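Chemist: Protein chains in written order, with the working numbering: chain F, 996 to 1160; chain C, 996 to 1160; chain L, 3 to 508; chain W, 3 to 508.
Treat the hints with caution; some may be incorrect.
[Said to hold, decoys possible] Straight-line Cα separation of at most 16 Å, EDC-like style, residue types lysine to aspartate or glutamate; simulated pairs:
| # | chain 1 | residue 1 | chain 2 | residue 2 |
| --- | --- | --- | --- | --- |
| 1 | C | Lys1095 | W | Asp348 |
| 2 | W | Lys464 | C | Glu1010 |
| 3 | F | Lys1132 | L | Glu457 |
| 4 | L | Lys464 | F | Glu1006 |
| 5 | L | Lys464 | F | Glu1004 |
| 6 | C | Lys1126 | W | Asp388 |
| 7 | F | Lys1095 | L | Glu457 |
| 8 | F | Lys1032 | W | Glu382 |
| 9 | L | Lys464 | F | Glu1047 |
| 10 | W | Lys464 | C | Glu1022 |
| 11 | W | Lys464 | C | Glu1006 |
| 12 | L | Lys464 | F | Glu1022 |
| 13 | C | Lys1132 | W | Asp348 |
| 14 | F | Lys1005 | L | Asp348 |
| 15 | W | Lys6 | W | Glu78 |
| 16 | C | Lys1005 | W | Glu457 |
[Said to hold, decoys possible] A partial selection of chain W residues facing chain L, derived with a Cβ cut-off under 7 Å:
| # | residue |
| --- | --- |
| 17 | Arg24 |
| 18 | Gln29 |
| 19 | Arg108 |
| 20 | Gly151 |
| 21 | Asp332 |
| 22 | Leu364 |
| 23 | Pro369 |
| 24 | Leu373 |
| 25 | Asp374 |
| 26 | Thr379 |
| 27 | Glu382 |
| 28 | Gln406 |
| 29 | Arg407 |
| 30 | Arg410 |
If you are wondering where the hints come from, they were derived from the structure by calculation, not from laboratory data. All figures in this text were calculated on a predicted structure; none of them were measured in a lab. Just so you know, even glycine gets a beta-carbon here, dropped at the ideal spot from N, CA and C.
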Amino acid sequence: MRYITTIGEKEYLIEIIDQHHVSVDGEVFNVDFTEIKGQLLYSLLINGHSLEALISADNGEWQVLLQGTMYQAQVEDESQKRLKATLGEGTTPSQEFHLKAPMPGLVIAVPVSEDQAVEKGEVLVILESMKMQNELKSPRAGRVCRVRVKEGDNVEQRQTMLCVM
Amino acid sequence: MRYITTIGEKEYLIEIIDQHHVSVDGEVFNVDFTEIKGQLLYSLLINGHSLEALISADNGEWQVLLQGTMYQAQVEDESQKRLKATLGEGTTPSQEFHLKAPMPGLVIAVPVSEDQAVEKGEVLVILESMKMQNELKSPRAGRVCRVRVKEGDNVEQRQTMLCVM
Amino acid sequence: MFKKVLIANRGEIAVRILRSCRELGLQTVVVFSEADRCALHVRYADEAYLLGPPPARQSYLCGDKIIAIAKKCGAEAIHPGYGFLAERADFAQACLDAGLAFIGPRPSSIAAMGDKAKARATVSAAGVTIVPGTEGEGNLRDEDLLNLGPKIGFPLLVKATAGGGGKGMREVRNLEEMPSLLQAARREAEASFGDGNVYLEKLVEKARHIEFQILADGWGNVIHLGERECSLQRRHQKLLEEAPSPFIENDEGLRQQMGAVAVRAARAVNYLNAGTIEFLVDKDKQYYFLEMNTRLQVEHPVTELVTNVDIVREQIRIAQGQPLSYTQEDIHLNGWAIECRINAEDPFNTFIPSTGTIHHILSPAGPGVRLDSGVYTGMEISPYYDSLISKLIVWGNRREEAIQRMRRALGEYRIVGVQTNIPFHQNLLEQEHFMHGQFDTRFVENNFSIERAGEDKETHSKIAAMMATLVAHQHIQRSAHVIQPGKRDMSNWKRFGRLDRMQKGG
Amino acid sequence: MFKKVLIANRGEIAVRILRSCRELGLQTVVVFSEADRCALHVRYADEAYLLGPPPARQSYLCGDKIIAIAKKCGAEAIHPGYGFLAERADFAQACLDAGLAFIGPRPSSIAAMGDKAKARATVSAAGVTIVPGTEGEGNLRDEDLLNLGPKIGFPLLVKATAGGGGKGMREVRNLEEMPSLLQAARREAEASFGDGNVYLEKLVEKARHIEFQILADGWGNVIHLGERECSLQRRHQKLLEEAPSPFIENDEGLRQQMGAVAVRAARAVNYLNAGTIEFLVDKDKQYYFLEMNTRLQVEHPVTELVTNVDIVREQIRIAQGQPLSYTQEDIHLNGWAIECRINAEDPFNTFIPSTGTIHHILSPAGPGVRLDSGVYTGMEISPYYDSLISKLIVWGNRREEAIQRMRRALGEYRIVGVQTNIPFHQNLLEQEHFMHGQFDTRFVENNFSIERAGEDKETHSKIAAMMATLVAHQHIQRSAHVIQPGKRDMSNWKRFGRLDRMQKGG
């Protein structure tokens, strides 16, 4: 199987040759890869070097916490990706951003309102949890829509509070 | 539900009244009992006192490890037990003892043979595991039967090696 | 002398106190909210009593209920830990009124130091230098504060009168932003302490936060156990502490001078039990009294490791009426200790608190490593309380050794199920400035970012890509086995989304 | 000075050595058998190489393979740990021949002390008292030994010439039982060391096993780090060790005298690196040289806690050619340390080893607690290696404090999935004789039984009955939900049996 894996700006062509061989951009590595029994922890021996990472999936991305650094990886089947590129789906459409509660908490304030234009970094919701007030900011410029919470609301983890489109 | 629970020589009549009340031999206790998430560890608050035990089932007996002491408990439904007593099943028949390998290992010696009479405490098998030679002894007097292992055999955990009847 | 102690707290500090009680042969009683039935302090205690629903106001802040439980179960003393009821003079007084020993200072000392205005007046009168500000002026309204602001000079800090731990605190750089920041501070102060009063204080720039541990018994003895360096903070929350301070290190003269001032400040309020005098120290080693914390501090273990004094044990002995086990001459700092606070928060996403079930823990251990933790594998991190899950503390002969050991220990630590700030500490410990002890209280906010730190490091991006691909490949192979042939056109992303939910929900 | 170390071991000691290497900034290489792919030493190492199948003869005992790996990956030194290749002079020599530093003594010292006969002759010549026996006589046949037995006098010990750790050792109380015991000892010695030779030794009754830790550098400096008390043993396996020894405690004269003898014994074989001189001490404080262990000991941490010396770090420095960091005058014993060896074995069933998956661990922690462990939650305990899973070590100001702390720590420790001897230690620590330091090497076997200890304690039998019933009740309620009405006549025992399999197998 051949994959194209993207981390930040960098794209890697990765082929899983067999259980103990993987090539990255044509270079073949000797690997011994195993999950530490049911713990989302993975141990990799690569040409003898021992590395361990915590790997979890989030919104179709793989989060790899390796030696204190977090890598966000997109893994795509090579043939699918090429097909998408051919069909012109390769360009990222301007998607809606769903502001989800990162943890259960109490809404302290919603300083924006329906249809309001916001800048990147502008505070959308102030949420109190674990005795701290947390400012949840917009990851990009856009327009606020579907505001579903108000001051004083209790929200569940992952509940969508509003969107920016 | 009413149970008769036996530990050693002692029998307790235990009634589970509701989620927070249990009576033992007529005395009612306030209890808050919960399993520590999937760990075979159980926490009991009884009249305020906090106790934790490791509880597992073994051969129809409950093993309760509580503050460094191991208790072997038999729990029987009261009505069933009374019925059994009435039908004369109360007396313990002289059962066969199955000597099972307590761990995987290598049989070093089988100093007894088929049909041989053995005393309580007599060595039946010497098993090597974890770099130690372990003498497995007969828990009671009887006669050896169905010897299924010999010197040099590798045995699996819980494999029956021989019986004493 | 009492034989049974009620610990009116939760989390790591309840466990910490319980340990010293048990080692002294004392019976331990704890209290818990409905969210904490299976918490470690409940599991380890001799007795445990339910207080009420999870919110602190309905549980850990219910002083009356706690005192009633103590009386009913025969506890003779109460240890309040830190936070919750620890610095409430009325609670301390209520304990005494109920005939219970309070393992902490006299109510009058808590009151004197708890009201920052009184505290400043008191220590100032005793000849201790303080930071300029409005604390002596009583509870002022916004318009007064807005007038006084420019006189004190910017930048300045708005701080909660009843505060502590950075709550209800805001930094003001100019008059324009002052009104909205006053609002924010009052709102947070009201929410945290039920008291929205605030005061202004000159911001000492390039300041270090250095504090002295005090012990005072009922026989008139007051000693200090040297200093702790607490400058590494984020939003006024301490993150990493050391003892001694690299800023003082071998300046034994300064240490003894500041220690003597700390003892004088404590004596000024007739202090009893353990307490901490916080100083701001500027780059010229001028030091200003900041406040006194009239309780056990989160970071007390670093002092324990360099002095070999068990501070909780001393607290108990003092409350039992025994004299201190040590004189000032007995106290010598030996080696170096560092503490990292391990919080359930996401260092890659603005330190947002993280809740959920801890699926797996692998704890660092071995020589020179101490872990004070309140969690275990399988435990739920709830949103009701603060995000501190453990304190990792190491000891070394020298600072450099302690740093190397802390790196080693952080590298061993695995927590799966909630996000933690372990990577933050790992990156912080690699900073040149940290290694050379060159930092002030603004270092973390102004001079450090985990993203930037990541860029500097030897990048393992290729390895990460490979590992992500191997995991994705495994998942695809596995799901291929369970998906009906007709349904195999389902996109990878949907499958991953589902796996994602499984993993997070489990 | 070397920068990359290969650790030729597994389990807790491989992790222990790895920690010191990492703190010194050295690259770490480990080797592993097929059973240890996910072992902690492999997970924590910088590099890890497969040796072969699980049995030690095909993996951890393959000296040639290990040296080849070291050469190939650029390691410049090998630390052998304890057991496996640690006391094999030929392996140490092969390392040197391959241009690798051996972190341990010179091959000649290993050989001199490894052959017990030579060892006794050598130290005896240096003026050190030894226990009467046949060690100087070469490898004797049974008929010679049977002749010599009565001359030495009963009781006596049969010991393996190549031995250690109680393997191939038997106690003989009279001539009649001697032939069969000789057989048993030879068989075990052959199996353990590939050498069935044995010797006889007078059994010193009421003996204490007290040993001295030695450090020797390449510059002619030899120091001792005080003693360890190791009398608490079962089948000649140490179970609990202390430093200092309660038998010596304040007898500083005896300590320095024995320490000087230990140094002399080490000098007699031109010793280098860390080693241990074991003594038997009778009730009149007469001491006899027993043997020298030419390696790091399992129980080295108790010495580390009372001296603040990191013994592994010193070992590495010595092997790098550096002088000792300490002189004899720098060494002062501070406080008291106790170690409990936590083994996977069933203390309620003749200490039979226990294998399986560790489902859950809750580790003791907090002030004064050190845990050197080689396992983690989810790990498999295989039958291939010894049963030691961790070492719990505590420090206290005084022995009584250390005992209280150890009780506290043992009470916190939870291991689910395999049986452990934690309850054994808990009961041992409650013994009057232990508390008063009154025990000899036979105490555990002759004067202590866990069943008897259980009877003496306040019995919680009623509570245990209640808990068992509550669990049984829960299981019955749950299974009632899933069983078809027609099948509900199935007996409880069958259901329990099934649950049992589920739990053990999981």
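Chemist: Work down the list of hints and note, for each, if the structure agrees.
Modeler: Tested hints:
no.: 1; hint: Lys1095(C) <-> Asp348(W); in the structure: 15 Å, holds
no.: 2; hint: Lys464(W) <-> Glu1010(C); in the structure: 13 Å, holds
no.: 3; hint: Lys1132(F) <-> Glu457(L); in the structure: 24 Å, violated
no.: 4; hint: Lys464(L) <-> Glu1006(F); in the structure: 9 Å, holds
no.: 5; hint: Lys464(L) <-> Glu1004(F); in the structure: 12 Å, holds
no.: 6; hint: Lys1126(C) <-> Asp388(W); in the structure: 6 Å, holds
no.: 7; hint: Lys1095(F) <-> Glu457(L); in the structure: 28 Å, violated
no.: 8; hint: Lys1032(F) <-> Glu382(W); in the structure: 10 Å, holds
no.: 9; hint: Lys464(L) <-> Glu1047(F); in the structure: 14 Å, holds
no.: 10; hint: Lys464(W) <-> Glu1022(C); in the structure: 11 Å, holds
no.: 11; hint: Lys464(W) <-> Glu1006(C); in the structure: 9 Å, holds
no.: 12; hint: Lys464(L) <-> Glu1022(F); in the structure: 11 Å, holds
no.: 13; hint: Lys1132(C) <-> Asp348(W); in the structure: 15 Å, holds
no.: 14; hint: Lys1005(F) <-> Asp348(L); in the structure: 24 Å, violated
no.: 15; hint: Lys6(W) <-> Glu78(W); in the structure: 6 Å, holds
no.: 16; hint: Lys1005(C) <-> Glu457(W); in the structure: 14 Å, holds
no.: 17; hint: Arg24; in the structure: 5 Å, holds
no.: 18; hint: Gln29; in the structure: 13 Å, violated
no.: 19; hint: Arg108; in the structure: 27 Å, violated
no.: 20; hint: Gly151; in the structure: 45 Å, violated
no.: 21; hint: Asp332; in the structure: 12 Å, violated
no.: 22; hint: Leu364; in the structure: 5 Å, holds
no.: 23; hint: Pro369; in the structure: 6 Å, holds
no.: 24; hint: Leu373; in the structure: 4 Å, holds
no.: 25; hint: Asp374; in the structure: 6 Å, holds
no.: 26; hint: Thr379; in the structure: 6 Å, holds
no.: 27; hint: Glu382; in the structure: 15 Å, violated
no.: 28; hint: Gln406; in the structure: 5 Å, holds
no.: 29; hint: Arg407; in the structure: 5 Å, holds
no.: 30; hint: Arg410; in the structure: 5 Å, holds
Hint check: violations occur at hints 3, 7, 14, 18, 19, 20, 21 and 27; the rest are consistent with the structure.
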